[in-house]
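Student: Spelled out, the chains give:
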Amino acid sequence: MSENVYIIGAGIHPFGRTEERSGREQGVFAVREAMKDADLEWTDIECAYGGSAAAGSADIMVNELGLTSLPFTNVANGCATGGSALVSAQMAIASGMYDLALAVGFDKHPRGAFNAKPADYGLPEWYGQTGMMLTTQFFALKIQRYMQLYGISRETLGRVAAKAFRNGAVTPHAWRRSEIDLETIMNAPMINDPLTKYMFCAPAEGGVALILASEKKAKELGALSNNGSVKIAKVAVKTRPPDSFEVFQAGVSIKEGGKPTVLASKAAFEGAGIGPEDIDVAQLQDTESGAEIMHMAENGFCKDGEQEEWLANGWSERGGKLPINTDGGCIACGEPVGASGLRQIYENVEQLRGRAGERQVVTSDGDIPKTGYSHVYGAPGLSAVAILER
Amino acid sequence: MGKKIDPHLWSDDAEPHLMGGKLPSGEIVFPMPQGDAAKDVEPYKLSRHGRLWSWTSQGFLPKEPYEGPGSGPGEGPPDFQPFLLGYVELPGEVIVESRIVDARLEDLELNMPVEFCVVPFNATHDTFAFRPLNQAREKAA
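Chains as they are written, first to last, in the UniProt record's numbering: chain A, 1 to 390; chain B, 1 to 141.
Keep in mind that the hints were calculated from the coordinates and are not lab data.
Don't take each hint at face value.
[As the list claims (entries may be wrong)] Simulated DEER-style distance windows between Cβ atoms:
| no. | chain 1 | residue 1 | chain 2 | residue 2 | range |
| --- | --- | --- | --- | --- | --- |
| 1 | A | Ser-225 | B | Glu-64 | 37 to 43 Å |
| 2 | A | Lys-216 | B | Glu-64 | 50 to 56 Å |
| 3 | B | Gln-81 | A | Gly-366 | 55 to 61 Å |
| 4 | B | Glu-64 | A | Lys-219 | 15 to 21 Å |
| 5 | A | Asp-59 | B | Val-119 | 47 to 53 Å |
[As the list claims (entries may be wrong)] Below 30 Å or equal to it, Euclidean Cα-Cα: the simulated DSSO-like pairs (lysine-lysine) are:
| no. | chain 1 | residue 1 | chain 2 | residue 2 |
| --- | --- | --- | --- | --- |
| 6 | B | Lys-45 | A | Lys-255 |
| 7 | B | Lys-4 | A | Lys-142 |
| 8 | A | Lys-255 | B | Lys-39 |
| 9 | A | Lys-216 | B | Lys-39 |
| 10 | A | Lys-117 | B | Lys-63 |
| 11 | B | Lys-45 | A | Lys-142 |
| 12 | A | Lys-36 | B | Lys-4 |
| 13 | A | Lys-197 | A | Lys-142 |
| 14 | B | Lys-22 | A | Lys-321 |
| 15 | A | Lys-255 | B | Lys-22 |
| 16 | B | Lys-22 | A | Lys-217 |
[As the list claims (entries may be wrong)] Computed footprint of chain B on chain A; a stretch qualifies when at least three of its residues, placed anywhere within it, have a C-beta under 8 Å from a C-beta of chain B:
| no. | segment |
| --- | --- |
| 17 | 46-56 |
| 18 | 75-89 |
| 19 | 186-194 |
Don't be surprised by glycine CBs; every beta carbon is placed ideally from N, CA and C.
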């Protein structure tokens with residue numbers, strides 16, 4: 001089980017709105033891109049894991065990709081679908097059972113905020129009927145309290161969004177490709193106070209595929225030289241601990257509990273044997289501006305309240321000490337739930353392989369990043385963290 | 001008075017209480033669990049007074065299963081009435097999510113004292129809410 005696992009191919013279907021393609025077709029597009037990147041044929045792939053939240057089963061993709069009889073497992077894990085597909089593919093290889101595996105995520109959501117059904121989350125009907133079962137409210141309620149406790153200003157929320165659009169403007173796979181200035185963001189219609197329209201990500205469409213290989217296979221394919229691959233140092237997925245405060249909770253414990261992100265982050269750092277100070281580039285769940293702020297601290301990159309200074313000084317910009325959400329994150333790319341977590345990994349692969357073009361991060365020693373960190377969070381309170389190294 | 005949005009959500013006392021549950025461990029939860037999960041959980045009348053833990057505004061019409069103004073047949077976003085909501089900490093018990101009424105967004109602050117109340121929700125149903133305590137006193141006067 002100590003087998004090293006490498007990502008040797010990464011493909012993406014641009015995020016946003018693509019009327020002419022179904023969600024799954026966008027997934028197939030991403031798989032073909034990933035195979036091209038790894039210089040492999042579909043017949044080479046030994047097993048596959050994938051899924052979507054709202055665009056159907058992944059295993060039907062064999063109709064388009066080829067009937068090679070490979071085992072193809074559907075993953076349905078909400079916001080962690082991509083992360084869970086990656087973990088499954090990694091375990092398939094680390095166990096020694098397979099040498100080449102695919103992880104794929106895709107989605108296509110209708111416009112507007114997600115509408116969840118109370119019964120699907122074990123909640124009483126009144127919670128939805130009275131208008132309290134909205135993910136956007138949770139994020140607003142969480143950041144509102146955080147701002148009061150740690151002195152985070154509204155302007156800092158605006159700066160996060162402005163950074164996202166700046167990064168999106170130079171990212172070919174992003175949905176929002178135009179910069180939006182701070183004033184426009186601050187004066188936009190209020191969705192859930194303190195969060196304005198431009199501080200939220202929107203449900204969208206897109207697909208991402210990654211091809212994973214054992215060390216033996218990666219070596220055989222020549223992927224270990226010339227920056228042809230990145231190593232998965234550690235992936236950790238954690239669900240919520242007791243007394244935590246998560247999305248869709250009508251009642252919260254008065255005891256301050258743990259947080260799934262803190263647990264996943266610690267487990268990933270421990271497994272990788274490095275700490276937050278060793279990370280060169282990070283992709284953090286930014287469902288809205290406040291989430292990025294809070295997740296900076298929950299993932300160990302700063303202390304509560306220090307984000308005010310970070311954003312004012314541009315430390316999380318592409319040229320800062322820790323570039324965060326270098327492709328514009330969810331705010332600029334939108335959130336196709338099944339693909340979103342894998343987009344973060346895709347972005348880190350591009351950054352670590354020095355292929356990120358205009359948005360390429362350069363470390364203080366003039367090199368391309370050696371370590372990439374990604375973090376996805378979603379209902380009903382789960383986090384997945386992946387650390388990549390080259 | 002309309003019908004209760006959920007018959008078990010608050011008590012039928014003259015001064016109603018939101019209904020929580022007391023677990024065998026003594027921990028208080030909200031809402032009162034239903035079905036198998038209610039085994040060994042004692043219905044528990046929650047305090048009518050608490051402090052504001054966090055808050056936000058709802059500025060757009062929620063999709064289904066929302067049943068408030070704007071959601072009916074032939075209705076739409078222009079019929080929607082924006083509302084405030086938040087979490088209220090009931091000391092020693094639990095933090096509950098609730099509508100906040102009789103307040104303006106700019107008046108809300110952390111730890112502000114609030115009181116339980118029942119308010120009209122739509123043409124047929126009532127729901128529960130909390131309102132600032134000083135506001136409640138003014139109304140009673």
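Student: Are the hints correct? Go through all of them and say.
Tutor: Structure-based check of each hint:
Between Ser-225 (chain A) and Glu-64 (chain B) the C-beta distance comes to about 54 Å, which lies outside the given range of 37 to 43 Å. Lys-216 (chain A) and Glu-64 (chain B) have their C-beta atoms about 52 Å apart, which keeps the hinted 50 to 56 Å range intact. Restraint check, Gln-81 (chain B) to Gly-366 (chain A): a C-beta distance of roughly 57 Å satisfies the suggested window 55 to 61 Å. Taking 15 to 21 Å as the suggested C-beta distance range, the pair Glu-64 (chain B) and Lys-219 (chain A) does not conform, at roughly 53 Å.
For Asp-59 (chain A) and Val-119 (chain B), the hinted distance range of 47 to 53 Å is satisfied, since their beta carbons lie about 49 Å from each other. Of the pairs offered as hints, the one joining Lys-45 (chain B) and Lys-255 (chain A) holds, with about 20 Å between alpha carbons and a cut-off of 30 Å not exceeded. Under the criterion of a C-alpha separation no larger than 30 Å, the hint pairing Lys-4 (chain B) with Lys-142 (chain A) is consistent with the structure, at around 29 Å. For the hint linking Lys-255 (chain A) to Lys-39 (chain B), the alpha-carbon distance of about 23 Å falls within 30 Å, and the restraint holds.
A distance of roughly 54 Å separates the Cα atoms of Lys-216 (chain A) and Lys-39 (chain B); the hinted pair therefore is violated under the 30 Å criterion. A distance of roughly 10 Å separates the Cα atoms of Lys-117 (chain A) and Lys-63 (chain B); the hinted pair therefore holds under the 30 Å criterion. For the given pair, Lys-45 (chain B) sits about 26 Å from Lys-142 (chain A) by alpha-carbon distance, which is consistent with the 30 Å threshold. This hinted pair does not check out: Lys-36 (chain A) and Lys-4 (chain B) have alpha carbons roughly 60 Å apart, beyond 30 Å.
Note on Lys-197 (chain A) and Lys-142 (chain A): the hinted pairing holds, with a Cα-Cα distance of about 17 Å set against a maximum of 30 Å. For the hint linking Lys-22 (chain B) to Lys-321 (chain A), the alpha-carbon distance of about 49 Å lies beyond 30 Å, and the restraint is violated. With a CA separation close to 15 Å, the supplied pair Lys-255 (chain A) and Lys-22 (chain B) stays within the 30 Å bound. The suggested pairing of Lys-22 (chain B) with Lys-217 (chain A) is violated, with an alpha-carbon distance near 57 Å, which exceeds 30 Å.
With 0 residues having a beta carbon nearer than 8 Å to a beta carbon of chain B, the segment 46-56 of chain A misses the requirement of three or more and the stated coverage is violated. Residues of the segment 75-89 of chain A with a Cβ under 8 Å from some Cβ of chain B number 0, which does not satisfy the need for three, so the listed coverage is violated. Given a C-beta distance limit of less than 8 Å, the hint that chain B covers the segment 186-194 of chain A holds, as 6 residues qualify and 3 suffice.
Checked against the numbered hints given earlier, the structure breaks hints 1, 4, 9, 12, 14, 16, 17, 18 and satisfies all the rest.
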